[in-house]
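Colleague: Numbering follows this note's numbering, in which position 125 of the sequence shown is assigned residue number 156; successive positions increment by one, without gaps.
Heads up, a few of these hints could be off.
Label pairs and their computed distance ranges (CB to CB) [as the list claims (entries may be wrong)]: (1) Glu90 x Arg134: 12 to 22 Å; (2) Gln180 x Arg50: 17 to 27 Å; (3) Arg134 x Asn72: 44 to 54 Å; (4) Ser136 x Ala71: 36 to 46 Å; (5) Arg134 x Leu48: 18 to 28 Å; (6) Ile98 x Arg134: 35 to 45 Å.
Hints are computed from structural coordinates only; laboratory data are not their basis.
It should be emphasised that the depicted structure is a prediction, and the values quoted were computed from it without experimental measurement.
A virtual CB, placed ideally from N, CA and C, is assigned to each residue, including glycine.
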Amino acid sequence: MQLATSFFDKTLALKGLKRTMPLWLVHFVIWVLAMPVMVANAMDSVLGVNHTDILEVGEYILYTVHIGGTLMSCFFCAVIAGVLNNYLMNARSTSFYHSLPVRRSTIYTTHLLVTLAATILPAALVGLMTLGVEVAKGYGLSGLPALLQWLGIYILQCVFFTGFAVLDTTVFPTASVM
32 MQLATSFFDK
42 TLALKGLKRT
52 MPLWLVHFVI
62 WVLAMPVMVA
72 NAMDSVLGVN
82 HTDILEVGEY
92 ILYTVHIGGT
102 LMSCFFCAVI
112 AGVLNNYLMN
122 ARSTSFYHSL
132 PVRRSTIYTT
142 HLLVTLAATI
152 LPAALVGLMT
162 LGVEVAKGYG
172 LSGLPALLQW
182 LGIYILQCVF
192 FTGFAVLDTT
202 VFPTASVM
């Protein structure tokens, strides 16, 4: 027997992805500038002498997630969750959303998954681009462990900040960031 209610609403998810598209595109562009472009610059030779080895490149990749990654995940997860739950402040859309047969828990989990997708999928694509830069520069797959650590740390940061931001804006709508 199938459940009559779902924990995920496809219409809300598509509307949320469309509404937050500028934010996750900016998130993607910042990571592209911070990771593949900067890793390529670090791997370039200066006056014919290669000044980096794979350990330094791996350290650079991990520094980006510890320094900028925490700030990026905190900011973008909070802002995307705030934009997604902004309808709680609008009487017209509140009447519309709550007249639909969508439970509050469905809205919560849908916004949680949309925020995670909008932050983690661009980061995974940036990780693949960075790996492509390393392979193109002749380092091979030796930077893969650092990239996997970077992605794992960033995913955990996004899960933490997204859960906190979505819970905060869903349970306490007057404390919403937007």
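Colleague: Next, verify each hint and record whether it holds.
Modeller: Here is how each hint holds up against the structure:
Checked against the hint of 12 to 22 Å, the pair Glu90 and Arg134 fails, with Cβ atoms roughly 47 Å apart. As the Cβ distance of Gln180 to Arg50 is approximately 32 Å, the hint placing it in 17 to 27 Å is violated. Separated by about 49 Å at the C-beta atoms, Arg134 and Asn72 satisfy the suggested range of 44 to 54 Å. At roughly 45 Å, the beta carbons of Ser136 and Ala71 sit within the given window of 36 to 46 Å.
Between Arg134 and Leu48 the beta carbon distance is about 20 Å. The supplied range of 18 to 28 Å therefore holds. Checking the proposed 35 to 45 Å range against Ile98 and Arg134 shows it holds: the Cβ atoms sit about 40 Å from each other.
Violation of the numbered hints given earlier is confined to hints 1, 2; the remaining hints are satisfied by the structure.
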